[in-house]
Each structure stands twice: as structure tokens, then as C-alpha cells.
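Could you build all of it, start to finish, from the sequences and the hints given here?
There are 2 protein chains.
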Amino acid sequence: MKNYIKADEWKIIEEGFDPLLNKISESIFSLGNGRMGQRANFEESYTGDTLQGNYIAGVYYPDKTRVGWWKNGYPESLAKVINAASWIGLDISVDGETLDLAQAEVSNFRRELNMREGYLLRSFTARLKSGKTLEVTAQRFCSIANDEVAALRYNITPVDFSGTIKLTAFIDGDVINQDSNYGEKFWEQVEGKLSDNEAYLTLRTKKTAFEVCTGTSVSVFKGKEQVHPEMEAVYKEKYLGQTFNMACSPEDTLSICKVAANLSSENHPKDLLMAHCRQVVQAAAALGFEQLLQAQVAAWASKWQESDIVIEGDVAAQQAIRFNIFQLFQTYTGKDDRLNIGPKGFTGEKYGGSTFWDTEAYCLPFYLATAEPAVGRNLLIYRYKQLDKAIENAEKLGFKNGAALYPMVTMNGEECHNEWEITFEEIHRNGAIAFAIYNYIRYTGDEAYMADYGLEVLIAIARFWKQRVNWSNDKHRYVILGVTGPNEYENNVDNNWYTNLMASWCLKYAAEAVYQVKMQLPKQYRQLAGKLDFKEKELADWAVIVEKMYYPQDPKRGIFLQQDGYLDKEPLTVKHLSASDRPLNQKWSWDRILRSCFIKQADVLQGLYFFEEDYDLETIRRNFDYYEPKTVHESSLSPCVHSILAAKLNDEARAYEFYLRTARLDLDDYNNDTEDGLHITSMAGTWMSIVEGFAGMRVREGQLQFNPFLPGKWEAFSFSILFRGARLNIRITEHGIKIKNDSAVPLTVKVRESTRQLAAYGEIKADDSMIWPVM
Amino acid sequence: MKNYIKADEWKIIEEGFDPLLNKISESIFSLGNGRMGQRANFEESYTGDTLQGNYIAGVYYPDKTRVGWWKNGYPESLAKVINAASWIGLDISVDGETLDLAQAEVSNFRRELNMREGYLLRSFTARLKSGKTLEVTAQRFCSIANDEVAALRYNITPVDFSGTIKLTAFIDGDVINQDSNYGEKFWEQVEGKLSDNEAYLTLRTKKTAFEVCTGTSVSVFKGKEQVHPEMEAVYKEKYLGQTFNMACSPEDTLSICKVAANLSSENHPKDLLMAHCRQVVQAAAALGFEQLLQAQVAAWASKWQESDIVIEGDVAAQQAIRFNIFQLFQTYTGKDDRLNIGPKGFTGEKYGGSTFWDTEAYCLPFYLATAEPAVGRNLLIYRYKQLDKAIENAEKLGFKNGAALYPMVTMNGEECHNEWEITFEEIHRNGAIAFAIYNYIRYTGDEAYMADYGLEVLIAIARFWKQRVNWSNDKHRYVILGVTGPNEYENNVDNNWYTNLMASWCLKYAAEAVYQVKMQLPKQYRQLAGKLDFKEKELADWAVIVEKMYYPQDPKRGIFLQQDGYLDKEPLTVKHLSASDRPLNQKWSWDRILRSCFIKQADVLQGLYFFEEDYDLETIRRNFDYYEPKTVHESSLSPCVHSILAAKLNDEARAYEFYLRTARLDLDDYNNDTEDGLHITSMAGTWMSIVEGFAGMRVREGQLQFNPFLPGKWEAFSFSILFRGARLNIRITEHGIKIKNDSAVPLTVKVRESTRQLAAYGEIKADDSMIWPVM
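One line per chain: the protein sequences are A and B, in this order. Sequential numbering from 1 applies to the first sequence in UniProt numbering. Sequential numbering from 1 applies to the second sequence in UniProt numbering.
Think of the hints as simulated: they come from the structure by calculation, not from any bench. Take these hints with a grain of salt, some might be off.
Derived pair list, reagent style DSBU-like, types lysine-lysine, alpha-carbon separation capped at 30 angstroms [as the list claims (entries may be wrong)]:
no. : chain 1 : residue 1 : chain 2 : residue 2
1   : A       : K71       : B       : K71
2   : B       : K64       : A       : K206
3   : B       : K531      : B       : K335
4   : A       : K630      : B       : K396
5   : B       : K185      : A       : K206
6   : B       : K71       : A       : K630
7   : B       : K335      : B       : K207
8   : B       : K400      : A       : K630
9   : B       : K2        : A       : K71
10  : A       : K207      : B       : K185
11  : B       : K630      : A       : K548
12  : B       : K548      : A       : K475
13  : B       : K630      : A       : K71
14  : A       : K2        : B       : K71
15  : B       : K575      : A       : K71
The structure is reproduced here in C-alpha cells:
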């Protein structure tokens with residue numbers, strides 16, 4: 001737990017330089033635009049502790065698996081998003097003395113992430129060992145207006161000396177991944193070219209042969225006036241540099257602008273990669289830093305209009321939720337259906353930058369509500385396009401006939417994880433992927449998606465569950481043996497309630513989808529059935545399983561049991577744990593965690609959250625009261641579900657308490673791991689706590705519903721969403737709720753039990769807004 | 001499955017050279033003496049496929065752990081027995097052309113392991129590329145008369161040429177372990193000395209700093225006459241060589257003898273290691289190869305007298321059982337209580353050469369019956385001396401108050417394994433270690449062991465179980481959650497019947513031991529109780545657990561359940577598996593294995609084997625009939641238990657069938673893995689099948705009992721054992737059983753239901769032998 005970020009509604013601010021916090025700040029102040037991302041590494045040399053990171057979306061390396069004891073079915077390699085050539089580099093020396101904040105006396109250090117406008121600003125005063133003092137201001141951004149472009153402006157002002165500043169602007173591709181399993185370097189050089197003030201370096205990943213061309217154009221200014229110093233070329237292995245000297249004197253600001261582009265062979269033919277990169281760099285350089293920045297500011301303004309949450313009366317909360325929204329959009333913009341949302345986004349190497357079930361279970365609702373439907377749709381298409389690989393994956397595990405098991409962790413559809421209890425057994429992920437189809441259609445009303453894409457995925461998933469269950473002669477029910485549920489503090493359990501529920505639901509939903517498509521689009525249905533060799537006899541098999549599925553429960557307590565045997569555990573609660581026990585996964589051996597009753601993240605409650613309409617409030621309450629005290633929330637994905645359920649149960653104090661656990665997770669380095677990167681996917685959970693929890697927003701029968709309350713400490717909060725062509729702003733105060741329709745699309749909306757017509761904006765006036773007493 | 005070893009009662013014979021079989025033969029023809037072991041690598045250069053292996057008992061390297069996903073509690077490193085400096089090396093070239101069987105035309109190749117006399121003989125004719133032909137005969141042994149000594153004699157006879165043979169006798173310590181986790185070399189050089197015909201090389205292991213001095217003395221003969229060629233010294237890193245040239249002509253046999261010693265700093269002060277090595281080498285060289293060999297033959301004759309099994313009418317079976325006995329004694333002689341029995345002995349690197357529960361569960365009975373009690377006792381003392389480490393190990397997992405969990409795999413008492421489901425959960429090993437104390441005292445009658453050593457171990461183990469159980473409010477019984485039983489094809493199960501049984505038995509046995517020692521040796525008891533802070537209140541806790549332990553069972557079928565939920569599985573038998581499914585662990589993914597009903601090795605049946613007196617025959621039969629068809633025996637430790645139980649159930653055909661599964665496991669390379677090394681510990685299981693299965697030998701109430709039958713294909717079998725000072729030979733024919741007492745110790749013996757007096761040998765005549773009809 002740290003507390004060094006200054007509160008501000010729109011900015012993340014660090015004041016003063018503490019090398020011990022540097023890696024944390026490198027994560028927090030990360031920039032990205034969905035296509036590339038850059039940790040807040042310094043432009044100039046830095047010999048202190050740092051995690052260098054520049055990541056290009058979709059470019060990965062299959063690192064050879066490291067495993068203690070091999071199990072049949074493990075993948076040979078694990079795809080990892082990899083650290084790419086650094087475009088920000090600027091070596092600076094003053095009369096032969098290198099500028100390095102690890103060596104200099106640093107004052108007035110300030111880092112500022114301007115979330116409204118989408119840039120990073122850093123300024124400091126450095127007194128070198130020689131006594132020479134200079135002031136630096138560095139500003140940079142990754143453009144969301146043109147997501148192959150990034151730019152920086154680096155201003156140096158001598159304070160107390162005249163002399164010669166030697167600069168080397170460089171692209172350095174001789175980089176490593178700190179989490180490389182065997183210390184390998186992942187890149188090899190294809191080509192490097194320097195001309196005038198431009199540099200172009202193309203590297204190729206080993207094995208996967210992705211190519212990335214990084215290009216830069218450097219311009220130099222003295223005051224406002226552009227100058228053209230002679231540049232000396234520096235060629236090294238996977239490195240291009242341009243060195244020049246500038247005479248300088250006090251108050252004489254030297255300004256270096258570097259406009260950069262990162263182009264990947266995923267988006268350009270390899271033989272034209274460098275040529276295209278040159279076009280992009282030159283076009284951007286022609287605009288110049290200022291114009292590029294203006295486009296950036298405008299693009300972010302538009303994003304904020306659709307997605308902002310305003311919290312009144314709590315600056316820290318305001319800062320935190322904007323930080324979460326900002327980072328989510330830096331990570332994924334939804335333009336490319338080959339991309340997805342890694343748990344660390346572009347802010348670190350951990351978890352390999354790959355796709356987990358986090359996307360479907362936690363991130364999708366955020367993108368559905370804050371972006372055009374195409375964005376959420378692309379998240380679904382990503383899985384659709386990987387269906388063949390999911391079928392192959394299932395075949396490796398012994399499944400047949402087109403059954404699909406989506407991987408636990410993946411980059412390109414292949415499994416990237418090698419812990420049997422997770423890789424082979426945490427199969428509920430298949431359910432989340434089916435649920436995402438349901439959730440997407442429910443929110444967007446895009447029924448056509450089902451016939452075009454959804455059904456094919458659902459049939460493959462249903463076929464998996466059909467084969468994965470078995471009949472228990474003992475229970476006279478279908479059972480699912482040997483799984484790991486969402487609560488990863490149980491492994492290889494039988495009849496995880498959540499998994500059984502998801503399996504059964506998938507079978508039911510797939511069958512409904514089959515009937516629906518068959519009825520509405522018989523020709524398309526026949527084509528698909530032919531392609532998949534789908535026989536309607538399969539539906540009968542599914543129906544029997546749905547009817548006869550076993551669900552562990554405790555009738556005495558009126559609760560569902562997380563899994564068979566859960567009641568054999570020693571009945572403790574989190575209150576029995578001492579501080580020295582926490583977090584359990586660092587303090588207890590794995591067997592002790594497994595046999596304890598403690599729950600890592602919502603499991604039964606996750607199921608009740610997904611399917612709340614199927615359960616009465618008292619059932620939800622009993623389960624919440626039973627499981628909540630046993631949950632340690634050692635996954636950052638957990639508290640949001642508890643928050644939303646607490647809100648549903650009108651326990652507003654606890655809804656707010658659970659929200660607080662992740663609201664500032666990274667800003668306050670709550671888990672001492674922010675230096676590894678930000679918890680991108682759990683940021684969506686925080687958004688859910690506010691919108692689905694505090695505002696109680698749901699989509700039911702094609703309509704938006706709200707069931708809001710105002711957390712005690714806040715004066716008001718409001719948020720913007722998109723819903724079926726409408727743009728809404730919802731504001732909740734102590735007096736009630738106000739919904740503004742900023743679009744021409746009229747809607748019917750339900751607030752608590754009352755249904756209201758919300759006219760197109762032309763027809764609704766501010767004082768027509770609906771206000772209900774909340775309490 | 002291979003079938004290239006020639007049948008012979010006393011010898012293992014390979015005829016003809018097949019490079020594809022070479023690594024298998026290197027394992028099968030391995031030599032050892034309990035202190036060192038050497039794979040059957042060639043003395044001369046060999047550029048073909050080989051696994052070089054020379055191992056020194058007790059000398060290991062803690063190789064840095066390799067793991068995919070770290071769990072709290074995993075060991076940082078895994079101790080491995082390591083490949084040491086090779087003492088056998090002889091480079092041979094004829095007029096500049098190297099003798100290398102991978103390059104030469106080889107004929108008359110023959111390898112012979114003489115088990116009766118304990119040596120390896122190899123002969124071949126090699127035609128070099130130049131056309132020159134030579135005959136070679138190489139003989140070598142690791143002395144069990146002096147277990148620091150080994151010797152070889154290498155005869156070269158030119159067939160069709162005269163010329164110069166250049167020889168380099170060397171010690172090469174620049175060796176690797178093929179299973180090194182990160183490709184590291186484990187040795188560094190301390191000192192190397194060459195003088196005259198002697199060479200001494202001292203190496204030190206990294207990290208552990210064990211030192212081993214390898215010394216050799218070379219003597220050269222032309223025909224019978226010793227010659228003294230001038231030797232040129234060759235010094236390299238971790239290598240010493242002595243090169244000399246010999247003129248030779250047809251029929252002129254050149255003979256090189258190399259007497260070697262391997263001395264370890266475990267047995268000698270480091271500063272005197274080389275000096276002691278010189279003494280040992282020079283004393284052995286003074287005796288010469290022939291005398292050393294005579295001592296070897298005599299020592300093996302004595303071992304065979306105490307331990308031989310003679311099978312009449314089945315040469316393959318005779319060869320196999322002698323091979324097993326031979327390899328067991330090559331691995332462990334019981335002289336040093338710091339040593340133990342690695343699953344591969346000194347025949348390969350796999351499994352790190354460390355100690356598993358195999359020792360207590362499978363090997364101890366063999367050594368109890370075939371060697372002096374001190375041998376079995378030393379196996380127990382090994383664990384006694386590691387008790388502190390077992391307590392530390394338990395502390396790492398959260399246990400307190402002197403509770404001990406012995407490691408799953410160990411060299412020096414520290415855990416050497418890193419799979420949570422095994423390392424942390426296969427805790428039944430603690431039960432086997434307690435059972436070994438019971439078994440040792442039962443066989444030997446050495447009651448004093450309990451007070452001196454046994455009780456301290458038992459209390460620590462009982463304390464572990466006390467803390468490892470928990471009360472189930474649901475079952476109103478004590479349960480043991482999250483374990484892996486002997487059947488490793490189930491992981492993290494609840495209430496494994498075998499584990500619950502062992503836990504309860506340990507508590508009961510420890511309590512009995514407390515009462516017994518307290519009664520018989522009150523002073524010693526008080527001292528121990530003081531040392532361990534043992535309060536008798538603990539006994540009451542143990543008693544409650546014993547009384548209220550939960551045992552899963554199926555009353556309908558009248559069987560014990562392997563674990564909770566076993567009846568939920570799809571009820572299949574091995575007959576449902578096709579050849580393409582086997583072995584499951586290579587063909588199925590781990591989750592599929594886990595949720596199937598298939599059993600890797602005896603589990604419930606292992607418990608019924610250990611505690612057969614507690615169950616009536618019908619109970620054993622019902623469980624056998626239920627579990628046997630589900631058992632795939634993919635552990636070589638499994639069939640012996642099935643064999644013994646089948647014999648008990650009078651199912652002689654199946655008892656023999658199970659015996660056959662492991663009898664020639666390595667000789668026929670049944671599992672295609674003999675090249676990695678021999679299955680040393682399962683060899684003891686084969687011995688058990690004959691002695692406890694076919695002969696039905698038991699010790700009950702201090703008396704030997706026999707319940708024999710003769711496997712259909714055999715004419716007769718007999719075996720020698722030691723029992724409480726008596727030396728017995730038991731012979732079983734189709735007519736009955738004959739027991740000869742070759743000692744002065746009279747015994748009471750029970751055959752089937754009849755109790756008989758067996759007088760000292762002086763008083764028993766052959767025609768007084770007891771003969772019972774068997775069928």
C-alpha cells in the first residue's frame with residue numbers, strides 16, 4: 001500500500017523523485033492506444049531500477065515452456081507479448097557528463113498523466129556531479145487518432161552553465177523480456193536505415209517471424225526556432241542512433257521532437273513494411289508535435305464524452321475511476337478483432353499479455369456500455385475466429401466431434417498455460433465465452449450475430465459439455481468431475497456448483513439458439529448444420545443433461561455448495577485470519593489453502609451474479625451471507641461481484657466497501673505488485689461496481705433498468721453510456737436519479753419498479769428529467 | 001518390450017552389437033557395490049548414443065528448481081545424485097586410428113554380467129576402417145569386499161596386423177548430468193596429480209562442496225609378463241591422462257589393468273582425501289586384479305548364500321529374480337545409515353537418485369529377510385537422523401509442536417520435489433515410515449529399537465496427523481482433506497481411504513509405543529518425553545481421532561471407497577481401454593486420467609496388504625474384485641501387491657500373472673524406459689511376490705508362517721532367508737514345502753494351520769523335513 005499519487009480529478013500526479021517508486025510509476029504512468037503501449041520509462045539514460053517496456057499489440061513470441069513435471073497435453077511453448085524496440089531513447093550528455101537521474105541530484109521532479117488529453121508530462125531539475133544544473137520537460141503520447149504514431153517533445157534548459165550538449169536520438173531493439181523463461185532474446189534484425197533525421201529499424205521475432213518496423217523523425221529547436229544540426233549515424237546490432245551536438249547557454253531552451261511509428265507485419269506486407277513506416281513517419285512529422293497532440297486531445301475528448309464517470313465530492317474516487325477508464329481505452333479500442341485485453345494490458349510483461357476469461361466476464365460489460373457495439377462485437381469475433389483452435393485444443397484433451405474448449409490463456413487461440421489444475425480443469429471459461437454472446441446480444445439487440453457467428457461457437461461449446469459430464473450411478477444425476485472453479489483456491493474438485501450451472505446453462509442456451517435460428521433463418525441454419533454435421537438428436541442429449549444435472553447444495557442452510565465436500569471443511573471466516581496469514585498465497589503452502597474454506601474470488605456468488613433473475617432475493621442473501629465472510633478476495637476480479645450483489649441486497653455500506661478494495665488498486669499499489677504492470681481487467685470490475693452496483697443498471701427484456709443508490713460519502717455521481725444508438729447520461733444524487741438522452745433515439749427505461757419513456761433529446765428538457773427518491 | 005537378453009540361470013548375456021540397444025544395455029549391465037555404481041559404458045572411445053554414468057553414494061548437487069508456476073513452500077533446489085569422474089577411460093588407437101565401436105565393423109560382440117561372481121565381461125572383434133582387426137576382452141567389477149575399490153582388465157589382441165597401439169588411460173571429471181535443469185556442470189577441480197602409473201583427481205561439487213578423489217593405478221602386460229612403458233602425462237581441466245605406446249603383433253595380447261578407488265569426503269577428512277585414496281589404490285594394486293576378483297567372487301558367494309532364490313524349470317524366471325536380487329545388493333548394502341535406495345540405484349540419473357517411500361513400503365521386507373538386521377535397521381536410522389529436517393519440512397507447511405512430515409523425495413532429509421499435489425499432499429508416505437518401524441520390529445524382534453529411536457519418530461508423525469485431520473461438522477467424523485494417495489492418478493482428493501487408515505493406525509501405534517516404553521523403560525521414557533515436550537494429554541487427542549476417523553465405504557458393495565466421490569465416476573474396467581489408450585499417462589491428458597476410475601497402483605489394496613489381519617478374507621476378496629479390474633499398474637510398484645493378495649485369495653493363476661508383469665521389467669525393457677536406468681525399488685516387489693505371494697511367508701506373533709503354492713509352470717522354487725539368527729532355506733515343489741534350518745537357532749514355524757518345531761541344523765535331517773501337500 002502506497003499513497004504517493006496526488007489527488008486530482010483529471011490527472012495522475014507524482015511529485016518528487018523516489019527511485020524506489022520508479023517501477024511502480026512506470027506502470028501507473030503508462031501510455032497506450034490499443035495498438036502499442038509504452039511504460040513510463042525515461043527517455044534519457046537511467047541506470048537505476050527500471051522495467052523497460054514497449055509493446056506492440058498482436059506481436060508475440062512462443063517462449064519455450066518451463067515446467068517442473070511434464071503432463072501430457074501441456075503446450076510446448078507459451079505465447080508472450082514482448083518488449084519491442086524502444087522509440088523514446090535520447091542519450092544526453094553535457095560536456096561529456098551523462099544525464100542520468102540515478103546519478104544526478106534531482107529536484108522539482110514531477111510526473112503527470114493527463115487523462116483528459118491523453119499525454120504524459122515529466123519535468124525535473126537535475127544537478128549533475130559537475131555542478132551543472134539543467135531543467136527538463138518531457139511530454140509524450142501514443143496517438144489514438146492514428147494508432148501507429150507516437151510522439152515526444154523533450155525540452156532541456158541549462159540553468160547555470162553554457163556548454164555543449166551532446167544528444168543521441170536512438171531506436172534500441174536489443175531489448176530483453178525480464179520474464180524470458182531461458183534468458184533468450186526474442187528479436188533478430190531484418191534491416192536498419194538512417195537518413196537525415198530519420199531512422200527505420202525492422203526487427204523480426206524468432207520462431208513467429210512477426211516483423212515490426214520502428215521509425216522516428218527527429219527535429220530540433222532552439223527556443224521556437226527549428227535548427228538543423230549535423231547528425232552522425234550510429235549503427236549497432238538492432239540499434240540505430242543519430243548523434244549531434246548543440247551549444248547552449250542559460251535560459252536557452254533546446255527542444256527535441258521525436259515523431260515515431262511502430263508498424264507491424266500483422267497490418268502491412270512485410271516487403272512494404274519499411275516503406276509504409278516511412279510514409280507514416282513523414283506524414284506525422286509534417287503535422288508536427290503540436291498538431292498531433294491536438295488530434296490526440298480531440299480524440300480523447302470524444303472517448304470521454306461516451307464513457308466518463310463523474311464523482312462529486314470525492315476527488316480520490318474521481319481520479320481512480322477515470323484512471324481505470326483511461327487505462328481500459330489505452331489497452332483496447334475494439335478496432336481489430338485479432339486483439340484482446342491482457343490482464344496487464346501494455347503496462348508490463350506479467351501473465352504474458354494474453355487473453356483470459358477476464359475479457360468476457362469482466363471487460364465486455366464496460367465496452368458494451370461505453371463504446372459502439374462494434375467494439376464488444378470484435379471481442380466476440382476474436383473468439384469466433386479462434387474456434388478451430390479451441391476445437392483442436394479440446395481434441396488434445398480427448399474430446400471429439402467438434403467439441404471446443406477455449407484455452408485458459410491465449411494469444412492466437414492456442415493454449416498458453418501449463419498448470420494442469422488450471423489449463424485442463426478451469427473449464428468454466430467456456431461458459432463465460434458463451435455467456436458473453438448472450439450478454440452482447442442482450443445489450444446490443446444484435447440478434448443477427450447469433451446466426452452469423454454465435455451459434456457455431458455455442459454448438460461447439462455445448463458439445464464439449466455434453467462430453468465432459470458423466471452419469472453418476474451413485475447420484476442418479478449428471479456430474480462434472482475434476483474441475484477448478486473461479487475460486488482457484490480449490491483445485492480438481494467435483495461438481496463445482498458454478499461450473500455445473502454454466503455447463504447446464506450453455507446447453508440450454510445453445511439449444512434455444514438452435515431453435516431460434518432454425519425458425520428464423522432456416523436456410524442459414526441448414527448450411528450451418530451441414531458444415532458442423534449437427535444433428536438435432538444432439539439437442540435431446542443436451543436436454544437430458546440439463547434436466548438431470550446435479551447441483552450440490554445444503555438444504556439445511558438453504559445454500560448452494562461451492563463443490564462436493566465443501567461442508568467437510570473447518571468452518572472459519574476471514575476474521576479468524578491474522579495479518580501474518582495474508583495474503584494466503586504468499587504465506588500458506590498450497591495444500592493448506594486448498595483444504596481451507598477460504599475463497600480466492602467469488603464462485604457461487606459469480607453464478608448468482610450472472611443469473612440473478614433465476615434466484616429470489618432471499619436465496620441470494622443466504623448464499624452471500626454464507627460465502628462472503630469466507631472470501632479473501634486475493635483476485636482483484638472478486639470484489640466487484642460482491643459489491644454488485646451487496647448493492648442488490650440493499651447493503652449499501654458493504655457495496656461501497658467492496659468497491660473501495662479495487663478502486664485505487666494500482667494507484668495506491670494496494671497489493672505491492674503494481675511495478676509488474678497495472679491490473680487492467682479488474683479495472684473494468686471497478687466500473688461495474690459503480691454502474692451495475694451503485695446505479696443498479698441492468699438490461700432486461702431489451703430495456704435499461706436502474707436501481708440506484710448514492711454511496712454515503714459522495715455528493716453525486718454520473719456516468720455516460722451508449723445503449724442501442726442512444727447516448728445517455730445518468731446522474732444520481734441524494735435526491736434521486738436523472739437520465740439525460742443526448743441522442744435522437746427514444747427509449748423506454750425502468751427505474752426501480754417504474755417504467756418511463758425517455759424521448760429523443762430534442763423532446764426532453766432538463767426539467768423533464770425523471771427524479772426518484774432513492775432511499 | 002525387447003527380447004534380446006539370452007536366458008541363463010546366473011548370467012545376463014547380450015550377443016551381437018546393436019547401437020540402438022546400447023543405452024538399455026548400459027543400464028542392464030550396470031555394476032555397483034552400494035558405495036559407487038557405474039553404468040556399462042565402454043572403456044574405449046564411443047561416439048554413438050550413450051548415457052555416461054558413474055555415481056558416488058551420498059554425493060549430490062542441489063540443482064536449482066525448474067517450475068512453471070511457483071507455489072509457496074516449494075524447495076529452491078532439488079538434490080540429485082550426480083555423474084562423477086569416470087575411472088574406466090581408456091583411449092586406444094592403432095597406428096593413429098581410434099578404436100570406436102560406432103566407427104568400426106564389430107563382430108563377436110558379447111556382454112555378460114556374471115551375477116554369481118559380480119563382474120561384467122565384454123568381448124568383441126573390431127575391424128577398423130583401415131582393415132586392421134583386433135580382439136578385445138574387457139572385464140571389470142566394483143568390489144563389494146572393499147567398496148571404495150573397482151578394477152578392470154582390458155585385453156587387446158591384434159588379429160591381422162603388427163603396429164603401434166597408443167593407449168591413454170584417463171580419469172575424466174569434465175562430465176555432465178543429462179538431467180541438469182539449466183545445463184550447468186556440477187563439479188569443479190580441487191587438485192590433480194600424476195606420478196608414474198598412478199593418477200589422482202579430486203573434484204568438488206559446487207554449492208554442496210562434497211569432495212571426491214578418484215585414483216587409478218595402471219599396469220600393463222604383454223602376454224603374462226608385466227611391462228613398464230614410459231607414460232606421458234596429460235593434464236586438462238578436470239582430466240588426467242597417461243599415454244603410452246606399445247608395439248604389438250598378431251596373437252600378442254596386450255593387457256591393461258586399471259585398479260581404481262573413489263573416496264568421498266563423506267568418509268574421509270578433506271585434507272587427507274587424496275592421501276587416503278593413494279593408500280587404497282596402492283594396497284589394491286599390490287593385490288592385483290586377480291586377487292581383487294577372487295575377493296569379489298567370495299563376497300558375492302556369501303551374499304547369495306543368504307539371499308538366493310532358485311527357480312527350477314524356468315530359466316527366464318530364474319535369471320530375472322537373480323538379476324533383481326543382484327541389483328538390489330549392488331544398490332544398497334546397509335553399511336552406512338546415511339545412504340538409501342534411489343528408484344534407479346546407480347544405474348541412471350532419473351528421479352535424482354533420491355529416497356522415496358518405496359524404501360519403506362517395498363524394499364525393507366527384502367533386506368529384512370536377506371541380510372543381517374543391521375541392514376534394515378540402517379534404513380530406519382536414515383529416517384531417524386532426518387527427523388529434524390522432517391519437522392522443519394512440516395513447519396514450512398504450517399505444522400507446529402514437533403510435527404514431522406517426511407519429504408516425498410529426499411537426499412539429505414530436505415524435500416526434493418515440486419509438484420504441489422505430490423510434495424504437499426502425498427502425505428501417506430509418513431505412514432509408510434511408521435509402518436517400517438512396526439515391520440522391522442515384527443521381523444527382527446528388536447524391541448529396543450522402539451525406545452532408542454522408533455518412538456521419537458512415531459510421536460512426531462502422530463503429531464502431524466493430529467494436526468492434519470479436521471472435524472467435519474457434516475460427517476461428524478474426522479476427515480483428511482486434500483491428499484494424494486498411493487494412486488497418483490487421483491490428486492487432491494478428500495478422505496483417501498488408505499491415507500485415513502494409515503493416519504489412524506499411526507496414531508494408534510504411536511500411542512501403544514508410548515505406553516510400552518513408559519511401562520518397560522520409565523526413565524528413558526521420561527527423558528524422551530522431556531526432550532519432546534510430550535504430554536500424555538496428546539494421547540487422549542489421538543484416541544479421539546482414532547475412534548472418530550471417517551472411512552469412505554460403499555455398504556451396498558461391501559467395499560472401502562478409494563476416496564470420497566469415487567462412485568460418481570464412470571464405472572469402467574481396463575478391458576474398456578484400447579491399446580492406443582495405454583499407457584494412460586502418455587496418451588491421456590491429466591484431467592482425463594484424474595476423472596477416470598483408473599488406478600495407477602494399488603491403493604485400497606495396498607492398505608489391505610499392510611493390514612490383512614484386520615480384514616476377513618471375503619472383505620479382501622470383494623475389494624480385490626472391485627479394484628483389480630480398474631488398475632492399470634502404470635507404477636512398477638503395483639503388481640506385487642496384487643500378486644500377494646491374489647495368492648492370499650488362492651487365485652494362483654492371477655498371482656503368477658501379476659508377478660510376470662514386473663519379473664523381467666528391465667531385462668525385457670517392458671516400459672521402453674530401461675535406458676534411463678533400472679527400476680531398482682520395484683525389483684524388491686518382485687521378490688515379495690515370490691516370498692510373500694507364492695510362498696505366503698509372514699511373520700505373525702514372532703513366528704514365521706508359510707502358506708505356499710507352486711506357480712503352474714515351475715517345477716520347484718526355493719529361497720534363503722535370515723530370521724532372528726536362523727538361516728533357512730525353503731523349497732516348494734508340487735509335493736509340498738521343505739524348510740531347512742542351516743543354523744544353530746531352533747525355531748517354531750507355522751505352515752498353513754500347522755505349527756512345527758524346526759530344530760537347529762544339527763538336529764534336523766533332510767528326511768525330517770516337513771512336507772505338506774500344497775493343493
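Structure-inconsistent hints, enumerated in ascending order: Going through the list in order, the structure violates no hint and respects every one.
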